[in-house]
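Which chain is which? The protein sequence lines are A and B, in order.
With positions in the first sequence counted from 1, the corresponding number in this note's numbering is that position plus 1.
With positions in the second sequence counted from 1, the corresponding number in this note's numbering is that position plus 26.
Keep in mind the hints are simulated off the structure, nothing from the lab.
Idealized CB from N, CA, C, for every residue including glycine.
Among the hints, a few may not be true.
As the list claims (entries may be wrong) - EDC-like cross-link-like pairs, simulated, lysine to aspartate or glutamate; straight-line CA separation at most 20 Å:
1. 172/B x 152/B
2. 45/A x 141/B
3. 24/A x 154/B
4. 17/A x 35/A
5. 172/B x 47/A
6. 50/A x 141/B
7. 31/A x 83/B
8. 139/B x 88/B
Said to hold, decoys possible - Incomplete in silico selection of chain A near chain B, CB under 8 Å:
9. 13
10. 19
11. 22
12. 36
13. 39
14. 40
15. 42
16. 49
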Amino acid sequence: MKKSNSFEFLQNLTEKDFDEMIKNSPSLQKHFEESRRIFNSIPKEELTKALKR
Amino acid sequence: MEKPSYPFKSTENHRYYYFQSIGKSVIPKIVVYQPLEGSDNVVELAFGNLMPNFSIDVFAIDDNDDMSIVITTVIYTIFDYLNYYPEKKVYFKGSTPSRTRLYRVAIAKMIDKIEPIYQVYGLISDSEMEIFNKNQTYIAYLISRKNEKIK
Numbered sequence: 002m003k004k005s006n007s008f009e010f011l012q013n014l015t016e017k018d019f020d021e022m023i024k025n026s027p028s029l030q031k032h033f034e035e036s037r038r039i040f041n042s043i044p045k046e047e048l049t050k051a052l053k054r
Numbered sequence: 027m028e029k030p031s032y033p034f035k036s037t038e039n040h041r042y043y044y045f046q047s048i049g050k051s052v053i054p055k056i057v058v059y060q061p062l063e064g065s066d067n068v069v070e071l072a073f074g075n076l077m078p079n080f081s082i083d084v085f086a087i088d089d090n091d092d093m094s095i096v097i098t099t100v101i102y103t104i105f106d107y108l109n110y111y112p113e114k115k116v117y118f119k120g121s122t123p124s125r126t127r128l129y130r131v132a133i134a135k136m137i138d139k140i141e142p143i144y145q146v147y148g149l150i151s152d153s154e155m156e157i158f159n160k161n162q163t164y165i166a167y168l169i170s171r172k173n174e175k176i177k
């Protein structure tokens with residue numbers, strides 16, 4: 002059985018496998034929540050400057 | 027001088043990138059690109075260690091002493107991602123203040139090289155964004171391609 006830290010193992014994973022990984026990752030979810038909270042607090046005018054480019 | 031980085035690969039649709047951190051141990055790192063809810067073109071990025079229980083831990087600390095190389099590698103995945111999705115904007119922050127600072131250091135080192143191609147914004151606070159300034163502390167970043175057409 003290939004070691005889960007080997008590149009070969011990673012290359013054999015599908016996007017569905019990675020999708021499952023995300024569901025299984027509480028620290029990742031928490032990080033995304035915090036990250037989103039910060040993004041959503043940016044005033045619209047500030048965002049528009051950056052997103053319109 | 028270009029910072030060293032690890033070779034990386036991605037899944038077919040480039041929503042996930044992966045590479046190995048090599049030092050005292052070999053640690054698989056996973057970079058996740060996820061659409062930001064409520065925004066058409068913004069994706070958010072996070073990365074972490076692939077754990078034995080098949081989860082991604084964004085707070086994991088390891089002994090490889092290569093976080094600056096890891097961070098540089100993550101940034102290079104952004105450029106690759108934007109090559110495939112030139113209309114997207116990638117939003118990210120570190121999972122810790124230290125990692126957020128390392129992003130600034132890595133971007134500052136390469137900014138002269140990438141500035142013709144990529145627009146980098148830094149979020150100074152919850153309410154103020156500016157074009158990246160290497161002498162400014164930021165809490166998050168936004169990177170996009172200046173020219174959306176792939177050359």
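Against the structure, the hints:
1. 172/B x 152/B: Violated, at about 24 Å.
2. 45/A x 141/B: 25 Å, violated
3. 24/A x 154/B: Violated. Residue 24/A to residue 154/B sits at ~32 Å, over the 20 Å cutoff.
4. 17/A x 35/A: 25 Å, violated
5. 172/B x 47/A: 18 Å, holds
6. 50/A x 141/B: 17 Å, holds
7. 31/A x 83/B: 10 Å, holds
8. 139/B x 88/B: It is violated: about 30 Å lies between the C-alpha atoms, which goes past 20 Å.
9. 13: Hint on residue 13/A: violated, closest Cβ of chain B at ~11 Å, above 8 Å.
10. 19: Hint holds; residue 19/A Cβ to chain B Cβ min 4 Å, cut 8 Å.
11. 22: 6 Å, holds
12. 36: 5 Å, holds
13. 39: Status holds, d = 6 Å.
14. 40: 6 Å, holds
15. 42: 4 Å, holds
16. 49: 10 Å, violated
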